[in-house]
Amino acid sequence: MSNSPSPQDERVSRRWFLERMAWVSSAAAAGALFARAPAVASPGGPAVTPEAFGTDIRLQEVGDLTRLTMSESMTLIRTGALDPRDLVEAYADRIEAFDGTYRAYADRPSRETLLAQLARTPDDERRAPLRGMCLAPKDNCYTADLLTEGGSLVFEGFQPDYDATCVSLMRAAGGLVVGKAQMGNLAGGRARVYGTTTPTTRNAWTPDDVRYSPSGSSSGTGTAVAARLAVAGLGTQTGGSVIGPSNAQGLTAVKPTFGRISLHGVIPLSYTRDHVGVMARDAMDAAILLQVCAQPDPNDPRTLGLPRPPNYALAATPFGGDRPRVRWTTRVGVWPGYLDGDNERVNDLRRDFLAELERTPGVRVVEDVTLPADWETLTSPPLGGSHGDPTAFFIEHLREDVRNFADRLPRFLNGMLQSADTYVKVQQARNLLRHRMVTRLFNQCDVVVTSAGGAFDGVGLPLACAPIGFDTDETTGARVPRGVTLGAPPFGEERLLAVIAAYQAVTEFHRERAPDPAGA
Amino acid sequence: MRPRSQTPEPTDEELNAYILTRYRLLGIDISVLPESDEDAPMDRERLLENGRSILRQDVEAANFHIDPQFNLPSAFPAPLAAWTEEDGS
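So the sequences go chain by chain: A and B. According to this note's numbering, the residues represented by the first sequence are 1 to 520, in order. According to this note's numbering, the residues represented by the second sequence are 1001 to 1089, in order.
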C-alpha cells in the first residue's frame, strides 16, 4: 500500500514486550528501579525528520502567529518567512494578556529570559529544529530554572537543580519552556489552589466560566496549548491525565508505550504506571514532540532496550491525494457499548467519526470487539489499581504534615495498608491482563476506539486522542469540543498517528481555535 | 481444598484501630485533620472510611485465583531479548 516499512507494532515481538513488562513490575516491587541518580546532560539529540516540515503555508492568511501549528511555524522559520523572535513575542504577548484569566501556568520566565534563551539557540534546523517553539511542560517535570511544585503544598517552593530528561530533550532541540503548566494536586484531578478544592485553571473553551473543567491532571498543559499560550506541551498520565484534558480541550495527544519517554526528573506517582505524553494541536505536532522526547535515558532503565523509535512524523503524514489513505491497512475495533453512551450528541459524533474512518481507504471498522475474560475484575480495584505505589516515595512528606496532601491524602497513605500479598497479586493480575489484551483483543483489530483508556495505563499500552466535533455543555451552555480515544498494542504509536492523520486530512475540528476571554 | 473457616469479619472499629496503629507505627500523625468536616479537603472520618475499604479489598484480591505458574511477578532479563534482536529490529 505504501513505501513505508510496516509499523512498529507489527515488527516488535509481542512476546518480548510481555516478558519485559513482567520484569518491570517485579523490579519496581523490589525497589530496584529508582536509585537516586545524578543530574546529567541530555542523553540524546533532536531527531526531527524532513516530514515534520510542511508545505504551502501562507503566512499572510494566518494573522495571529499563535494560531499556527508547530509544524507550520517550523516550516516558516526554515524558509525565512518567519522570524522566531516574532513568534516568541506573540506568545509572550498572549500569555501576559490572558494567563491571568486562564491560569494555565504555575511559574514562568520573563519575556526577556525567553528572548535571551532564543538568542543562544543555534540557527540550525538540524541541531535545533524546535527553535522558537513555545512549550509547556507539566509542573511535575523538573526544571532547573523554574519552580516545580506538582500542584501541591507538598512541593511548594521546590526548585530542582536539573531538568527532567523530557524537558532537557525539548530544550536541546531548541524549544523554549514558556511556563510550568498547572496541574491537579500531585497528579490527581483538575488544577486547584494548592491544598484546597478551589479550581484555578480554566478550560480554554470556557475562559469566562470556571465551572467547566479543563479536566486533569494535566490541566494547565491542555489549557495552554488550546488557548494558544503554548504551541504544544507535555503531560503525564497514570490514569487518564493526558488523554482527559486533551479530549476536554480539543487537542491531539499521544500517551506512548510504557518506557518510551523517560520519567527521570518527573515527580513519581506510580513506578509502574506513570507515562509522559505529548499534547498538541494535530497529529503532526504530536509526532514531532514525541520524536524529540522518545529517547533512551541511562537514568531511567525503563527506557533502555526498547526498539529504536520509528519516524513518527512520517506516520503522521497524510498519504495520497484528496482522499488520503491510512498509511498502513488498519482494522479499527469498536469497544462494546461505545455508541450507547448517555449523551446522544456524543454518540452521534462517535458514529460520524467511525463513518469517516470507514470512508478512508485502508481502514476496516470492526464493530463490537470482544473483551478478554475477567475484564471487570482485572481492570477494577483492587487488582486494577495501584494503591501501594505512591506511598514509599512520599513517606517523609507524610510524616511532615498530612494536611499538605489535602484531598489526595488517602491515595498516598493507602500503600501502608495494602498487604504485600495483594501487591504481588496486583502485579500478577496486570501481567495477566496485559497478556490477554495483546493476544485476545489485538488479534481482532490493530487499534481500538475505546471508552476505557485507564485499562491501557495499567498495562503500559499506548493511547492517542483527537477532536471529533463539538457539543453544548448542559451546565454552562458553552460550545465545547469532544474527542475520541484510541488504543493500540505495544509500540503502536505510528498506527495511532496514521489513523488520526488520515482523519484530520479530511476534517477541520483540529483546526478550530478556542475563543478569547470576553472583553479581549 | 479445605473449607474456609467461618471467622467473623472485623468491625469498623477494629479496622480503625488497625489503621491508626499502622499510621502511628510509621510516624504519621492524622490528629491534625478535622474529625469530620465536609468542607475541609480531608477529614479523619473520610480517611478512615477509605482505609477500611482498602483493607477489605485485600480479601477480594486474595480470592481471585491466578495460575501461579503463569504471569509471575518475577525478575526476567527482558532487555536481553532486544539485544539479541528478538524484537526484529
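Quick caveat, the hints were computed from the structure, so don't treat them as lab data. One should not assume that every hint holds.
Across the chosen pairs, the derived CB separations fall in these ranges [unchecked claim]:
no., chain 1, residue 1, chain 2, residue 2, range
1, B, N1016, A, R111, 51 to 57 angstroms
2, B, S1036, A, D374, 34 to 40 angstroms
3, A, G341, B, E1045, 20 to 26 angstroms
4, A, L59, B, F1070, 45 to 51 angstroms
Here are a few chain B residues that face chain A, going by a calculated C-beta distance under 10 angstroms [said to hold, decoys possible]:
no., residue
5, G1027
6, M1042
7, L1047
8, N1050
9, F1064
10, I1066
11, D1067
12, P1068
Just so it is clear, CB atoms sit at the ideal spot from N, CA and C, and this is done for glycine as well.
So which of the earlier hints does this model not fit? Violated hints (numbers, rising): 3 and 4; every other hint is consistent with the structure.
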